[in-house]
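As given, the protein sequences belong to chains A and B, one line each in that order. Quick note: the first sequence uses this note's numbering, first residue 1, plus one each step. Quick note: the second sequence uses this note's numbering, first residue 1001, plus one each step.
Quick caveat, the hints were computed from the structure, so don't treat them as lab data. Don't take each hint at face value.
Taking beta-carbon pairs under 7 Å as the criterion, some of the chain A residues facing chain B (in silico) [to be verified]:
1. Pro-74
2. Ala-152
3. Arg-189
For each residue, glycine too, the CB sits at the ideal point set by N, CA and C.
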Amino acid sequence: MPVEVLEDGRKRVSAPLFDEDVRALHAGDVVLLSGAVYVARDAAHKKLLEDLDAGVPLPFDPVGQIVYYAGPTPERPGNPIGSAGPTTASRMDRYTPRLLELGLKGIVGKGGRGPVVRDALKEHTAVYMAALGGGGALAALQVRSQRVIAYAELGPEAVRELILQDLPAWVVNDCEGRDFYAEATAPWRRDDRLPESFRSGAKAPLD
Amino acid sequence: MGAVRELDASAITEAVRELCIQINYVVPEDMVAAVKRAREAEESPVAKQILELLVKNQELAAEGEYPYCQDTGYTVVFIDLGQDVHITGADLSDAVDEGVRHGYREGYLRGSVVREALFDRTNTMDNTPAFLHVRIVPGDQVRIQVDAKGGGSENKSRHAMLKPADGIEGVRDFVLRAVAEAGPDSCPPGIIGVGVGGNFEWSAILAKRALLRKVGQPNPDPKVAAFEAELFELCNALGIGPQSLGGTQTVLAVHVETMATHIASLPVAVNIECHAHRTGTKVI
Chain A
1 MPVEVLEDGR
11 KRVSAPLFDE
21 DVRALHAGDV
31 VLLSGAVYVA
41 RDAAHKKLLE
51 DLDAGVPLPF
61 DPVGQIVYYA
71 GPTPERPGNP
81 IGSAGPTTAS
91 RMDRYTPRLL
101 ELGLKGIVGK
111 GGRGPVVRDA
121 LKEHTAVYMA
131 ALGGGGALAA
141 LQVRSQRVIA
151 YAELGPEAVR
161 ELILQDLPAW
171 VVNDCEGRDF
181 YAEATAPWRR
191 DDRLPESFRS
201 GAKAPLD
Chain B
1001 MGAVRELDAS
1011 AITEAVRELC
1021 IQINYVVPED
1031 MVAAVKRARE
1041 AEESPVAKQI
1051 LELLVKNQEL
1061 AAEGEYPYCQ
1071 DTGYTVVFID
1081 LGQDVHITGA
1091 DLSDAVDEGV
1101 RHGYREGYLR
1111 GSVVREALFD
1121 RTNTMDNTPA
1131 FLHVRIVPGD
1141 QVRIQVDAKG
1151 GGSENKSRHA
1161 MLKPADGIEG
1171 VRDFVLRAVA
1181 EAGPDSCPPG
1191 IIGVGVGGNF
1201 EWSAILAKRA
1211 LLRKVGQPNP
1221 DPKVAAFEAE
1231 LFELCNALGI
1241 GPQSLGGTQT
1251 VLAVHVETMA
1261 THIASLPVAV
1271 NIECHAHRTG
1281 TKVI
């Protein structure tokens, strides 16, 4: 079962995911990722899209699958992997809609997504989740195995298949267009304490 | 001036090698204390749980099996070289790179550096070259500080040449905007290093040096220290919180360094550090 609701309300998620599974995941849900995910980050995404443009088959079929944005440290002898937390997702924004069009259903990273990706998640019924950014050591304990399946020359950026067991993550952007970062932070923002010039953006443009 | 002290470059290589491994596994005590302080102060129950996980991540990394974060950083090396020291046996920057090479390979740390940014993004696989800053200082010692700086938070750093008329408020708002726009991407709660003054490049180096202070140690100038305290309160009023899931602990510390500048200028650099703050120092 791709989305299993546990007694404590958390949801165990494993690929392949279908539209109805994605619809069962809502911004703010705590999920435990299990089973196979495909690891790819900056350089791998560039190559994946170059392969697509060249008509070369992708190293994995994205239909229903989950991609994990990560670049693990080298594994010590006897361990399946080194530290393996998520990397910043927005750097993949440029590549993401194309993979969603092909049927990718889940993405795991950390940090926010731009409007183009948020719209594409809605359009293609897919979900973006964030794992614990900077929690690389803890994440390593939830990885059962890894296998490099493409672009080995990229070293830490090679495409890998990971078998996970209960890697915790939060649903950030669901297929209804909700953004959990915006929802979760708004109640804590103390506008009454922030300077008017900052709130109105009147001074010191950032660029 | 004292007698010239001969120092074999291999001592520098060894110090850099040891520091690279140590800092990626053992979070410095001041940072451990800062995260625990934030855990106590945090008002959001979810954020408190996140901070508890970060403490666990520190403890697990310190066991020596898994680095604190998979991004084991660019290796930024600050050397204060006593002017009475004569380095022998190798070129200083080669000696530093050799230390990084050995440290990253032997420590099972990730190579996160590409050979050239624009036309040849081939991973050097051993995290070389280091990003080396050398300062000549009085004396016959060599002080080496290594910082493993994560790319995700570095990417959210900002720089601007403000106008003198923008003043303290302009700098304050610029820092706030940088932290607000970094949001979840820079893995809060972290440290904010602010460099004000100098010229274009000096403000950035000041900001980096500000990060390398003991976490939360105020600037010795009371006016600057008061500005740090104000920025700390304001950054935490943004409500971003740990992992940007909302909360009162968005930053663990704001460190500001200032210096001379041009009559026309108010340069400001904001160097953002994540909760994976990894730095260490050796004196030879």
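Quick rundown of the hints versus the structure:
Restraint check, A/Pro-74 versus chain B: the minimum CB separation of about 5 Å is within 7 Å; hint holds. The criterion of a C-beta within 7 Å of any C-beta in chain B is not met by A/Ala-152, whose closest approach is roughly 11 Å, and the hint is violated. For A/Arg-189, the shortest C-beta to C-beta distance to chain B is roughly 4 Å, which falls under 7 Å, so the interface hint holds.
Checked against the numbered hints given earlier, this structure breaks only hint 2.
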